[in-house]
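K.L.:
Residue strings, one per chain:
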Amino acid sequence: MSWRLAITRLVLGVALISPLLQVEEFPFSNYPMYSNAQLNTRRLTIYIEEEDSGSRPITNDEIYPMKRIHLGYLLKEAREGNQIAKASVTRLLSNFPKRSQIGLITIAPGAVGGAPYRVTDFYKLPISEFVVSSADHGETNP
Amino acid sequence: MSRAFRLCYFGAILVTFPFERILEFTQLPVWKLCVAPKPALLTQALSAEYGLSIVSRDMSYQTIGLVSLLTIASLICSALGLKRRISDALSFISVSFLIIYWSQFCFTTHELTPIPVSLLLWNLFPAELAPGPAIRNQRIHFTIAFLSAGISKVLNGGANWVLSDSLRNILLLQNFLFENAWLHSMQTELNAWLVGQPKLCRFLSLVAVGLELSAPIALIRNRPLISFFIVSGLALMQLGILLVVYINFVTWIPIYLFWIPESVWGRLDSYLQTIIEAFKGGRP
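Top line first, the protein sequences correspond to chains A and B.
Per our numbering, residue 1 is the first one in the first sequence, and the count goes up by one each step.
Per our numbering, residue 1 is the first one in the second sequence, and the count goes up by one each step.
It should be emphasised that the hints constitute simulated quantities derived from the structure, not laboratory data.
It cannot be assumed that every hint is accurate.
[What the hints assert, rightly or not] Stretch by stretch, here's where chain B covers chain A in the computed footprint (C-beta under 8 Å, at least three residues): (1) 4–13; (2) 22–28; (3) 121–133.
Even glycine gets a Cβ: it sits at the ideal position worked out from N, Cα and C.
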């Protein structure tokens with residue numbers, strides 16, 4: 001067997017094993033996108049409270065090039081205690097109005113001919129769960 | 001390997017690679033640069049554990065711009081077959097560099113994941129040496145990518161991914177998560193119609209997982225019809241994802257090219273040869 005064939009088989013072998021071991025190391029991947037069952041239509045997001053127009057979810061434009069989907073993952077990681085994610089959320093919040101909140105939003109189908117979705121509920125969560133507190137140690141500003 | 005194939009493969013990578021989006025990250029304000037929460041990359045793990053950073057997050061616009069230019073130049077040289085071995089290797093290295101840089105922020109998706117492995121296989125087993133095995137390796141990689149996605153759904157979502165309203169909920173949530181990312185209002189109308197058909201959504205989720213898990217069947221030799229149906233099904237699935245999930249997998253086009261029969265490339269080669277000769281003949 002030539003060395004080329006041996007390395008090629010090794011690369012393909014690792015690519016095949018990656019999903020079984022749920023490993024994601026460049027350049028291999030287990031392609032986990034959308035692999036979790038979505039049993040509800042709730043999502044973590046940031047809510048902005050404005051004096052004149054009431055409260056609203058943060059828009060994709062406000063966090064471009066991030067989208068709400070990335071923000072949701074970031075908030076989930078922060079809530080689970082990931083310090084790097086907490087530092088990122090802290091930086092993000094520092095650039096929005098002080099009355100911005102974090103919570104679980106519930107989405108329902110929109111009206112016929114109108115917007116494709118509507119927000120039916122916003123369950124507010126303590127911001128302290130998502131940001132770096134003075135008591136936190138370790139890497140805070142990557 | 002066919003000259004036309006080389007032109008199309010590297011040309012497709014060149015056209016679909018998001019150079020501008022990657023360059024944007026060098027100019028974003030710090031507060032927007034969310035770092036990927038998990039050290040999923042070897043480079044990040046090394047950086048976190050030992051302070052070794054192969055590709056820094058803090059690269060300047062000029063540096064990433066220079067690497068982008070190098071990538072474009074090497075992809076063009078590869079497409080044209082100029083200094084093949086060097087340009088092919090440079091294409092792999094520079095594309096990998098840009099993807100590693102980009103992956104360190106939490107904005108990325110898996111739209112580019114198969115490209116570095118495909119380029120690595122191209123370099124390890126040049127098609128010019130043995131076209132048959134080289135194409136087969138790429139096809140194996142193609143099926144592994146889809147099989148992996150199917151296995152992840154089975155392991156992470158389990159039966160709920162198919163038996164619950166998971167796909168319907170995903171479709172509905174996409175309207176909020178990717179608001180205004182759709183290309184045409186028709187997409188949201190189609191999405192809304194599907195959301196109103198829970199049984200169809202469950203059927204589609206079963207078809208999607210089934211197709212992904214059965215991707216390796218496309219490798220069976222001497223069964224071109226089966227291969228055609230599976231690969232076409234996967235392409236249609238990704239087209240469907242673009243339409244109602246608003247995620248664009250156009251970057252996967254290069255790895256689809258390996259499923260086009262060699263006879264087609266042979267015909268394209270003769271057309272290309274005619275054009276080249278006509279061009280040469282037209283010269284004074």
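K.L.:
Next, verify each hint and record whether it holds.
P.N.:
How the hints compare with the structure:
1. 4–13: Answer holds; 6 residues pass the 8 Å Cβ test.
2. 22–28: With 6 residues close enough to chain B, the hint holds.
3. 121–133: violated (count 0)
Hint check: a violation occurs at hint 3 only; the rest are consistent with the structure.
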